[in-house]
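K.L.:
Line order of the protein sequences matches chains A and B.
Using our numbering, read the first sequence as starting at 1 and increasing by one per residue.
Using our numbering, read the second sequence as starting at 186 and increasing by one per residue.
The hints are simulated quantities; they were obtained by calculation from the structure and are not laboratory data.
We treat Cβ as the ideally placed atom computed from N, Cα and C, and that holds for glycine.
One or more of the hints may lead you astray.
[Claimed, not checked] Pairwise CB distance ranges, derived in the manner of DEER restraints:
#1 D308(B) <-> T24(A): 31 to 37 Å
#2 K224(B) <-> R127(A): 42 to 48 Å
#3 K299(B) <-> N129(A): 50 to 56 Å
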Amino acid sequence: MLKSQINPHFLLNTLNNIYTLSLTNKSTESKAILKLSEMMKYILNECTEDKVSVQSDISFLENYLSLQSLRLSPNVGLTIRLPNNVPSDLFIEPMVLIPFIENPFQHGITTAKECDIEISITLEGNRLNLFVKNDILGRDIKQTDNSGMGLANTQKRLEHTYPSSHLLIIDSTNDSYQVNLTIDL
Amino acid sequence: MSNTIIAIDDEPLALLLVETYLKKLEGWNLLGLFSNCDKALQFVKSNKVDVILSDINMPDMTGLELVASIKPNSSSIIFITAHKQYAVESYNLDVIDYLVKPVSFERFEQALNKAINWVMIRDGLDASKQPIKDEYLFVYSEYQLIKIKVEDITFVQSMGDYLKINIDSDTRSVLTLGRLKNITTKLADKGFIRIHRSYLVNSKKIIRFQKLRIQVGEEWVPVSKTYQKDLENIFNK
């Protein structure tokens, strides 16, 4: 089974953040709990199917991004573009987009200077395009996660499910890392 | 007397939690919250920071690297991290405490109390180092400097790193940091004698004594065999 799961560190960090919100802020912690709960519902109920609606996959990503943004220091610029009116008859392999979206939060963040993360999903007919861009930070820090393996697994899943209907271009220049994924659903 | 403190974490909510907890505690002066390690290091170099609370997993520098580049024994370090695996390594850096997120207020307070003791020892504020002026002893207890008349002390009891100073005509006793051995030396010429590994008594306050215990003020205190002779000598004088 190559289906990737949500990163347990994300779960722990989010719960820790909700704990802080509950002690300090009156209104936002209930929203954060709801978002996390919706994410869990998606993983438990919908990911077990072969395909999920693009609508619920995108709202899963939206919840993820909203919870991750709680963690960001003010020098990180996060730009997100997600499609508004997603047709209800579009379906996608579950959890293939999330590894690309997790990646910049693990590798593209610094507190030393301004840095930018750009995430955009667009839909044209049944063609979905995901674009993710983050800064490459010149540093030598041992990464403790296994996101490299997560991305390799995801590539295998894409090849398995969309053998001739997807295009993945990963472009790594001197200062930025870009992922361009197109899938014909 | 307030202790100075800063916190370093790349996540704003983690800093918010520290700030919220510190507001509930007395005796702390929060000098800064830093999301960037370099800025925090610069600050530490030019300011007196008693306690540093630091995350470990940060994007540009780990908390372990940060602490390693701070002048040893200048600040007391407490790590706050989501990861348990650095605990052993942190011992090499002489950190005071290691908190794993999520951190409860009680655990946070416990860590800061340890840090206060560290700061007091660093600054030589433990009881045995305080001068006696005009027959008064000054000791730090619960963030205050307390003035005790030496002749009112009935006995001093050692409790780990602390000394419990019992005072005649006062039902409360004063708990302060210090070693019994040191305070014994200090009070030797004031008529205080050791009667037990853990007890120093004011000989003027002794009311009666039995073979292995004596009454000082209202209370009975044990006498150990080692010190029994010293005690008899005093009474036979």
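K.L.:
Could you say whether the range 31 to 37 Å given as a hint is met by the Cβ separation of D308(B) and T24(A)?
P.N.:
holds, 32 Å
K.L.:
Between the beta carbons of K299(B) and N129(A), is the distance compatible with 50 to 56 Å?
P.N.:
The hint (50 to 56 Å, Cβ to Cβ) holds, given that K299(B) and N129(A) are roughly 54 Å apart.
K.L.:
Could you check the hint for me, namely that K224(B) and R127(A) are 42 to 48 Å apart, CB to CB?
P.N.:
holds, 45 Å
Hint check: no violations occur; every hint is consistent with the structure.
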